[in-house]
Each structure stands twice: as C-alpha cells, then as structure tokens.
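Here is how the chains run, residue by residue.
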Amino acid sequence: MSRARGPSMAGDALAQVGACGLFLLQILAALPASLRHVRETVRQVWFAGAMSLVIIMTCGLFVGMVLGLQLYYVLSIFGGTAALGTVVSLSLYRELGPVVTALLFAGRAGTSMTAEIGLMRATDQIEAMEMMAVDPLAYVVAPRFLAGVIAMPLLACIFNALGIFGAHLVGVAWLGLDNGTFWSNMTSSVDVWKDVVNGVWKSLAFGAVVSLIAVFQGYTTAPTSEGVAYATTRTVVASSIVVLALDFVMTAFLM
Amino acid sequence: MTQRRSYQVGTGLFILLGFAALAYLATQTTSVANFSQGPSYALKARFDNIGQLKLRAPVKLAGVRIGSVESIALDPSSLEAQVTVAIDDRYRDIPDDSSASIFTSGLLGDQYVGIKPGGSPDMFKDGDEFVLTQSSMQLEDLIGKFLVNGSPEKSGAAAGPADAAPSTSPDPH
Amino acid sequence: MPSGRRGGASAKVAALRAAPSGRNGTQRVAQAPPSIPAVPSGNLVEVRGLATVLGGKTIFDGLDLDIARGKVTAIMGPSGCGKTTLLRHITGQRLPDAGSIRIDGADVPRLPRQALFELREKIGFLFQNSALLTDFTVFENVAFPLRQHLDLPEELVRNIVLTKLQAVGLRGAAGLTPAELSGGMARRVALARAIVRDPMLILYDEPFVGLDPIALNQIVKLIRTLNDTLGVTSILVAHEFSAVTRVADQVFLLAGGKVAAAGTPAELARGDSPWTRQFFGGEADGPVPFQYPAGDYAADLGFPAAGRA
Ligand SMILES: Nc1ncnc2c1ncn2[C@@H]1O[C@H](COP(=O)(O)OP(=O)(O)OP(=O)(O)O)[C@@H](O)[C@H]1O
Ligand SMILES: [Mg+2]
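Residue numbers (my numbering), protein chains in the order written: chain Z, 1 to 255; chain S, 1001 to 1173; chain A, 2001 to 2309.
If you're looking for bench data, these hints aren't it; they were derived computationally from the structure. All figures in this text were calculated on a predicted structure; none of them were measured in a lab.
Chain Z regions said to be covered by chain S (calculated; three or more residues, Cβ under 8 Å):
no., region
1, 41-48
2, 157-167
3, 172-184
C-beta atoms are modelled at their ideal positions from N, C-alpha and C, and glycine is treated no differently.
Take these sequences, add in the hints, and give me the full structure.
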C-alpha cells in the first residue's frame, strides 16, 4: 500500500507546487485590479497584522528572554558575556525573528485566511462575487496576499525589538550585565544592511510564501467542512516546511 | 462608516508601530548608532598593531564610551598604524599624557580603544597625538608565549590563555 | 482550478446545432421562430444544442430554449433535473460540454473573462442558497455591487439600497448581519442584491422558497413589476405552480435533459402530455421517476430473494 502511494504522493506534491505557482501568476495578474480594493487590503492588514500583534509581541519577549538566559550561560563559559547583546541581536535579526514570526504568522493569520476563503467558497460567496462581476482573485485573494507581504516584515521587526528588550531585561536587569557594554557591543558588531535589512528581505519572502500557501489552500479547497479543515491543516504544515527550507536557501545565498 | 474607519486607523497605527520598530532596530542597535554623536574633536594615536580594530569602534575612558574611531591608516614612513579617534566635545578635559591602548571586550568581543588618564595639568587639544600607546594584544602571540614558557605537553594550554585573558586585556569594570 | 473557465468543447457544437434536436413530445405554443443571432430579435437568450454531463450523469442532452425579451420565463422541472445547472450555463459559471448559449448575441461560453464580467454587470442572479457575504451587513451586501462598479456618492448608495430593501420588506433589517437572518429573509436580501443595479436580465433560482404567503405575494408582485415597468427579462426557477401561474408569461418544463413541455402557464395547466400531467398533478408514477437513478431497492436492503422476485 505504502509502496504504491509513494510515487503518487510525490506526484501530488509536485502538482500542488505547480498549481501554487500558477496561482501566484494569477494573483500577480489580478494585482492591478486589486488596487481598486485598497480598503479591503487595509482591512486584511488589520486582520493579518494588527490582530497578530499580541502573539508576536508575547512570543518575541519570551524568545528574547530565553535567548538572554541561554546565551549568557554559554558565553560565560568563555568569559564572553559582554557579547550577549551582539549574539542575541544577530540571532534574532538573521534567523529567529523572520523564521519564528513566519511560523507564528502561518498559525495565526494563515489558517484564518485559508478557513475564511474556504468557507466563502463552500457557501458560494466566491461564486456570488463572480456573478456580480467582481473578480474574487482581485477582491478576496490578492488583498490577503498583499496584506501578508506587508504585515510579515513589520511583525518580524516588532518581534525583534521585543526580543532585544527581553534579552536586555534578563541580561542587564536580572543577571547584572553592564548596560553600556550590552549596547555598545551590539552597536559595534551589528550591521544595518547585512543583518537588519537582510532579515527584512527574508521576512518579506516568508510573508509572500506563507500567504500564498494560505490563500491557495483556501481557494482550492473542497467546498465541504472536511475540505476546509484539511486545507487549514495543510496551510500550517506546508508553510512551516517551505519557510524553513527557504530560510536555508536564502541564508546560503544572502548572507 | 465608523467601523471601517476604525479599521483604517488601527491598521495605520500597526504600520507605524512596525516601521518604528524597524527604525529603532536599524538606528539604535546597529553601527548606525555610532555615527555622529554631536560635536567632537580629533586625537591621533600610533600603534604597532591594531589587531581587529574597526572603524567606528568605541573609544572608552574608565569603561565609559566617550567617542569612536574615525579613521585608520598606515603611516608610509614609520610603517605604523595611524588611528584618528573622535572624542565627544563634552570630554574636553583629558590630560595630554594619557595613554591609548587597544583592548578586547571579553575574550571574544570586539576591540576598542581604551584611554588611561595621566596626571598632566595640560589637556589634549584638537589634533593632538597620544605619546603613550599600547598595541592590541594578539591572542596568537599570547598562546605562543605561553607555549614557549609554560608546559608544552598539556592540553590545559587551551584553558591557560582563557584564564589569562582578563588580566592581559582588562575590561575596565 | 475551481474558477475554471477556459474555452472548451466546440467540435460537437456545429453538429448538434444542425441536428433537429429534441422536438418530439414537446409542445411549442408561444414560441418565437428560431432566428439567426440578430440582436433585436424577440429573444434575449438563445440556448442551442446544450449538452452537459456531470459526474457521469447526463444532465442536458441537446437542449434548445429561447427566453423572450422583456418577458418572465419560468423553468420548472423535477428536482435534480438541472435547472440550477442551466442558469449557471446561461451566466457562464459553468461551461457546457457542447452547445451554444447566446445572450444578446454574445456567445457566453466563448466570451473572454473580461467581456463575460461586462455582461454579468447587466445580469442579476439570485442564488438558490442566497450566498450572502457573511462579513457584511444586510445593507453592505445589497450595496456591494454598487460600490464595486460605480463610484456613487454615499447618499445615493443609501437611497438605492434602502429602496430595494423596502421593496423586499426588509428596510428595517439593514443593520443585521446575514447570520441574524432567517432563511426567508436571506432570500429576500439576496433578491434585493440581485436587482440593485437594475439589470436587463435577472435569473431567480427558486425565489419563493421559504417565504410565507404574505412575502411570497409581495415577491411575485415585485418580479412582475420589475418586468412591467422596467422591461426586465426574467428567468425564474420555481416549484410553486400557483405562483408561477401568476407571474410567468412562458413556462418551460425540463425533463430528461430536454424541454419536455413549453407554453403559457394556462396551456401547461391543461396537462395535455404525460409529462405535464404527472408534474402538475404530482403523481409519483409517470415519465419522471421520483427516485434518483439507483440499483434494485430490495437488493440494496440485502434481500436477494426479493430482488429476484
Ligand atoms: N458539481 C457537480 N458534480 C456532479 N454532479 C453535479 C454537480 N452539480 C450538480 N450535479 C448534478 O446535476 C444534477 C442537476 O443539479 P441542479 O442543481 O441543476 O438541479 P436542480 O434542477 O436545480 O434541482 P433542485 O430543484 O433540487 O434545485 C443533479 O443530479 C446533481 O446531482
Ligand atoms: Mg437548483
């Protein structure tokens, strides 16, 4: 059974990737038309971005605090605790900020995009729009895609800022590192373009990928309750895999 | 309508917050933060070896940051490194017999210029040069010295310089 | 891709069109002569040789149908015979396997997406399940087509929307969300949305379902009024023959993938053919099977002996 399924599953996955790519082209083609629906895009930035703030900020704070504790311990082995700020900020900007934000975003905003579009399809709302001569790609899909692309880098920046704050809290206020050392080490080793901006590129790419997967799964879901549930799960699974794989590729080429 | 407006305002706030975070990260936590700290004056120092000292590395006195490295050049005649540092105008009263050394913050941290104040009644003026300088302590040299002087067969050699490091490159605090 | 609209079956079209399809057993009384696609003909919609197979089941098998301009045409037929499918073909939501559908001379299945959308702007469609946008209030649902296509001042939008809501008796419900509506109310909101842009053609998929007699009366009057005053062409799918009698000029009875009977309501009510007799008499036995095609009942229930008997 499993032997028979192997190739077909690989084929299915390949077909999905291909369909997803074609869907991206369709979205891009619908982007000019979606400019008419700026309001809808704004609304989606609100749902995807602003509504994710709580989870992003909380997680950013805790990730920063954990990083502060762990790296302080590791660095103290080498007597290098002065570098705590540097190490924390570099790992946040280059890796953890974009990646963790993307994974959280997939769980928080990606799933709701998928479920929402899937239910709109299941209840004929998508078809109703087509009947009212409104292109659902331009009205429903493209604004959500755009919102993901816009919101992700901003969320990642907020995540990073909270992470730095958390690490500072642990390192300086709790473990007694010198405040000046913490910051001056960081400022002398972190580069705007190589570290901060490259991280922003990463999270832009992750935003595009996660929201593409989310809208694709929602748009092509089977119009049933089970279909929507399935599609939502697939959004999380596929986004996580693709984000981590893409992260490796981008790290290899960007950094 | 009002509901729609509140979305727009909220979204605007969110985008502002995001860009504020980006601006904060870019300007306050990176080397950009070391640019132009207001009016400053320049001092020169010559070193045999500056190690990994970089542009905009901090200049510290008693552990407090008072300026940054502005330029690094090789003096073609003496074959020494000529380092120009910009000192914040607030710190005008630095005795002119103070010494400049290149230190490493921690074992793995970045290098910076540390100034040890002297006792002269005269103060540095713009463009003056440090008379007393001490070059960067090279980890390789230290290990080499240790291997020559100490027990060569022990693997404890690796721990040796790590213990020695704080005393040879005292981080002033 | 679910939004699949591509040029599709075209080879069989000519052949099917040439064939004198499906006239036997039908009564064509008040029928306009089949005309070359001249725009000012008496027909707004012309369906020729429509053939559709869905999930292995033949839904249409060479269907020919003319919808007269400015008239109310009712489409009736047993459940599952393809009435909704026919409406979807007419609006280009679903492509037929063969055949042509012309609206005002435009060949719908072969229209490019842009042209199709332009055509749809002149068509109102009432979905069988209402299909209201659940994110919006009743008001915004009805205003949606206006806001999407016209840049009207808010005041005017408000006036138009409230007028249409008043016509379906739901002006007071403007602030509710679709989740707060009953089924019949949702139907009426969907109806208001379908007519909000004063289209030239309105397709109603079962507008009377779930309406109480008072609302039903009002909706019948509304459909008739739209027709009489604005000259709108209406296509109506309905099962309530009494309501159809009052509102429709022309009735098509679909069965077996073809038009089984056509005529004015009065003519059909006389029941001259076995189709009409069974359908309007409500008899279980006749040319229209009550059962969805299935295997032997007894065998299904596990009585092999009874199956043989
Ligand atoms: N997507 C589909 N895939 C397969 N078969 C379908 C599909 N949609 C509809 N059908 C079949 O097509 C037939 C006609 O469906 P349709 O919805 O047009 O019926 P209808 O005449 O509108 O019935 P009702 O009066 O109950 O609304 C049904 O037998 C249905 O099983
Ligand atoms: Mg139907």
